[in-house]
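From first to last, the protein sequence lines stand for chains A and B.
Residue numbering for the first sequence is 0 to 349, as defined by numbering that gives the first Met the number 0.
Residue numbering for the second sequence is 0 to 129, as defined by numbering that gives the first Met the number 0.
Rather than coming from a laboratory, the hints here were simulated on the basis of the structure.
Treat the hints loosely; a few may be bogus.
Said to hold, decoys possible - Which bits of chain A does chain B cover? Going by a derived footprint, with three or more residues having C-beta under 8 Å, they are:
# : stretch
1 : 26-35
2 : 278-286
3 : 300-309
As the list claims (entries may be wrong) - Short, incomplete list of chain B residues facing chain A, as computed with Cβ under 10 Å:
# : residue
4 : MET0
5 : GLU62
6 : SER63
7 : VAL64
8 : VAL67
9 : VAL86
All C-beta atoms, glycine included, are put in the ideal place defined by N, C-alpha and C.
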Amino acid sequence: MQTLLRTPLYDRHLALGARLVPFAGWEMPVQYEGVIPEHRAVRTDAGAFDVSHMGELEVEGPRARELLQSLLSNDLDRIGPGQAQYTLLTNEQGGIVDDLIVYEREPDRFLLIVNASNREPDFEWLRERELPESEVRDVSDDHALIAVQGPRALERLGLPEAPAFTFAGGVIDGIECVVNRTGYTGEEGVELLVDSERAAELWDRVLDRGVAPCGLGARDTLRLEVCYPLHGNEISPETDAISAGLGWVCALDRQFTGVDPLRRIKENGPERRLVAFVMDEGGIPRQGMAIAEGGEVTSGSHSPMLEVGIGLGYVPAELAQPGSELTIDVRGRARRARVVKKPIYSREET
Amino acid sequence: MAAESYPDDLRYHPEHDWARIEDGEATFGITWFAQDSLGELVHFEPPEEGATISAGQSYAEVESVKAVSDVIAPLSGEVLEVNRAVVDAPETVNDEPYGAGWLVRVRLTEPAEADGLLDVEAYKRQLAEE
Chain A
0 MQTLLRTPLY DRHLALGARL VPFAGWEMPV QYEGVIPEHR AVRTDAGAFD VSHMGELEVE
60 GPRARELLQS LLSNDLDRIG PGQAQYTLLT NEQGGIVDDL IVYEREPDRF LLIVNASNRE
120 PDFEWLRERE LPESEVRDVS DDHALIAVQG PRALERLGLP EAPAFTFAGG VIDGIECVVN
180 RTGYTGEEGV ELLVDSERAA ELWDRVLDRG VAPCGLGARD TLRLEVCYPL HGNEISPETD
240 AISAGLGWVC ALDRQFTGVD PLRRIKENGP ERRLVAFVMD EGGIPRQGMA IAEGGEVTSG
300 SHSPMLEVGI GLGYVPAELA QPGSELTIDV RGRARRARVV KKPIYSREET
Chain B
0 MAAESYPDDL RYHPEHDWAR IEDGEATFGI TWFAQDSLGE LVHFEPPEEG ATISAGQSYA
60 EVESVKAVSD VIAPLSGEVL EVNRAVVDAP ETVNDEPYGA GWLVRVRLTE PAEADGLLDV
120 EAYKRQLAEE
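Chain A on its own, in the form it takes in the complex (with noise of 0.2 Å):
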């Protein structure tokens, strides 16, 4: 039996009553109350999410800059110090090594924040190709991640207005940590980079200042909801970003790994497309059930904000546009569904 690995948080999950289940190797709270309280929680206030199971990579040196940009799909030079990028690790096919965020800390030293699942091909990714004046250090272990997520998660930790992508050094009840501007689900919110020590003790006092505790449960309905690609789902390093509707993510006018199979993909224009749907019938779409019109499901579960079943799933490019008729195989069941515009769920609509 693989021995699961836990965050510095774990005894504080316990003690919360949370449900425990394992998550890429790592034992981590799926829900403390209930998927739906914590969903809409972050939606009209705030939540915490213990993240810590996300690898950091540190990558450092006069090269690390060159080495990222030969590897890294987005480009690094739209971004200064203190400012973060979402972005993809390519392979030679155009696929998708890993999404993640690249911290640009100083001109020569970044932060990747990557997938748990993908700590260690994303390291040895990286490592293999090395420059000599770039080194690749996994730090993960030295550092605890709490997303504080919604609508009033920077009001409840006393923190100032700051754009989104950008970060800066802070200080919450004494607890230093790096407030990084970031999130997965959709609302204003941070994720707070700190030492491990010192995580157990920030967590508690995010909860004091009255944040409910949520698990991964309403971390995947809240970013499916907002349609965020989850690696392992819609994206692997058998997809392109073409296809994924992720093309705003690579800078095709520079060289990086992969680059030439994505620009014949832009130019012919992809086979399939990464498509946003909700169910018109009773049922709930699943990762792997098929799409009768064609392509399958990537991502299915129940819109605790729409009260309704709604999926992200590949389908034939012609269907690709809102309001086409797909069918979707829930068990032997055919049920109507349709695309939708992306995201499926933003406030203002509501």
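For chain A, the structure is supplied; the task is to place chain B on it using the hints.
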């Protein structure tokens, strides 16, 4: 959500289903333990009224945000009625698993099967062992 309870006038199936048997008919539902394991229900996929269902076989599905689960028939019979209130508001099962959250009413075709079900004490012993 309801507090944990297991009424003593019901018969139980090891797959966490209950039956309330009266005069050759029975009402079926899922136990407090089953709804607690699943979390808040967001979908109930019922059988057709008139369908024949068999003891030990799946006759419906219940779904929470995270998971779908087959519902096992404790006894064989013909479905007389589906609880539309649960189709419209599946969380009724979480609120009242033995009352308003019943799932189907059935005309029993093999009433003697009831002898094979658990009484409340036997079901509680099973839960204690899980």
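Hint check results:
Judged by the Cβ-Cβ criterion of 8 Å, the stretch 26-35 of chain A is covered by chain B as claimed, because 5 of its residues qualify and three suffice. Using a Cβ-Cβ cut-off of 8 Å, 4 residues of the stretch 278-286 of chain A lie near chain B, which meets the minimum of three, so the contact claim holds. Look at the stretch 300-309 of chain A against chain B: 5 of its residues bring a Cβ nearer than 8 Å to a Cβ of that chain, three or more, so the hint holds. Proximity of MET0 of chain B to chain A holds as hinted, the smallest CB-CB distance being about 8 Å (cut-off 10 Å).
Annotation: interface hint on GLU62 of chain B holds; nearest CB of chain A at approximately 5 Å, less than 10 Å. For SER63 of chain B, the interface hint holds, the least distance from its beta-carbon to any beta-carbon of chain A being 8 Å, beneath 10 Å. Interface hint status for VAL64 of chain B: upheld, as the beta-carbon distance to the closest one in chain A is roughly 4 Å, under 10 Å. Interface hint at VAL67 of chain B: satisfied, since its Cβ lies 7 Å from the closest Cβ of chain A, which is below the 10 Å cut-off.
The interface hint given for VAL86 of chain B holds, since its Cβ lies 8 Å from the closest Cβ of chain A, which is under the 10 Å cut-off.
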